[in-house]
Amino acid sequence: DAKTTQPTSMDCAEGRAANLPCNHSTISGNEYVYWYRQIHSQGPQYIIHGLKNNETNEMASLIITEDRKSSTLILPHATLRDTAVYYCIVRVARQNTDKLIFGTGTRLQVFP
Amino acid sequence: DVKVTQSSRYLVKRTGEKVFLECVQDMDHENMFWYRQDPGLGLRLIYFSYDVKMKEKGDIPEGYSVSREKKERFSLILESASTNQTSMYLCASSFPVGGYTFGSGTRLTVV
Numbered sequence: 001d002a003k004t005t006q007p008t009s010m011d012c013a014e015g016r017a018a019n020l021p022c023n024h025s026t027i028s029g030n031e032y033v034y035w036y037r038q039i040h041s042q043g044p045q046y047i048i049h050g051l052k053n054n055e056t057n058e059m060a061s062l063i064i065t066e067d068r069k070s071s072t073l074i075l076p077h078a079t080l081r082d083t084a085v086y087y088c089i090v091r092v093a094r095q096n097t098d099k100l101i102f103g104t105g106t107r108l109q110v111f112p
Numbered sequence: 001d002v003k004v005t006q007s008s009r010y011l012v013k014r015t016g017e018k019v020f021l022e023c024v025q026d027m028d029h030e031n032m033f034w035y036r037q038d039p040g041l042g043l044r045l046i047y048f049s050y051d052v053k054m055k056e057k058g059d060i061p062e063g064y065s066v067s068r069e070k071k072e073r074f075s076l077i078l079e080s081a082s083t084n085q086t087s088m089y090l091c092a093s094s095f096p097v098g099g100y101t102f103g104s105g106t107r108l109t110v111v
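Chains A and B are the protein sequences, given in the same order. Everything in the first sequence is counted per this note's numbering, starting at 1 for the first residue and increasing by one. Everything in the second sequence is counted per this note's numbering, starting at 1 for the first residue and increasing by one.
Since the hints were derived computationally from the structure, they do not count as laboratory data. Everything hinted at is true.
In silico BS3-like cross-links for lysine-lysine, where the CA-CA straight-line distance does not exceed 30 Å:
#1 A:69 - A:52
#2 B:70 - B:53
#3 B:53 - B:3
#4 B:57 - A:69
#5 B:55 - A:3
#6 A:3 - B:3
#7 A:52 - B:3
#8 B:57 - A:3
#9 B:13 - B:71
#10 B:71 - B:57
#11 B:18 - B:55
Short, incomplete list of chain A residues facing chain B, as computed with Cβ under 10 Å:
#12 42
#13 43
#14 44
#15 87
#16 91
Every residue, glycine too, gets a C-beta built ideally from N, C-alpha and C.
Starting from the given sequences, assemble the full structure and let the hints guide the process.
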């Protein structure tokens with residue numbers, strides 16, 4: 001199963017872009033990259049996902065390298081409410097298996 | 001607003017008790033999941049279901065069973081609770097493609 005590697009923690013000033021990197025060098029060709037975040041004592045919240053192409057939604061942008069071995073989540077204008085643990089995840093979905101493989105995540109602290 | 005609802009936010013049970021954790025989703029999702037989250041270990045999959053009455057073991061099924069009699073409901077059962085099952089339990093649902101939606105979690109303490 002593919003695994004992801006993320007920095008343990010990052011800081012970002014409010015109003016600036018937060019760029020969260022992730023390595024997933026063992027990802028397979030048909031496995032999607034997902035990003036979730038978790039605020040203390042709540043369930044993980046879906047942010048965005050992608051396979052090969054860059055993706056954007058109302059929350060964030062996802063940039064995936066051409067070789068698919070790494071990706072970056074971009075929060076374009078971080079706010080204090082974006083302080084959370086961010087997980088870069090590979091979804092493994094094949095016969096009789098469907099799961100998200102969570103790593104240890106990046107603790108993002110947004111400061112005023 | 002789409003939702004995954006877990007019946008209890010906090011539970012305290014005694015060792016040896018049979019424990020039921022209930023999860024309901026209102027999105028008509030085919031897939032439903034039970035994970036547990038422990039410090040330093042992240043989220044680990046216990047069981048998942050891709051259809052009514054269908055279930056598959058995840059990475060740590062020992063000591064647990066599940067039931068899915070209706071599409072919207074997925075129950076996790078601890079047949080005989082033990083202290084090492086003290087954890088945060090998270091239910092999720094999804095279509096076969098797309099994001100999972102997680103519930104708020106049930107923090108179970110077994111004493």
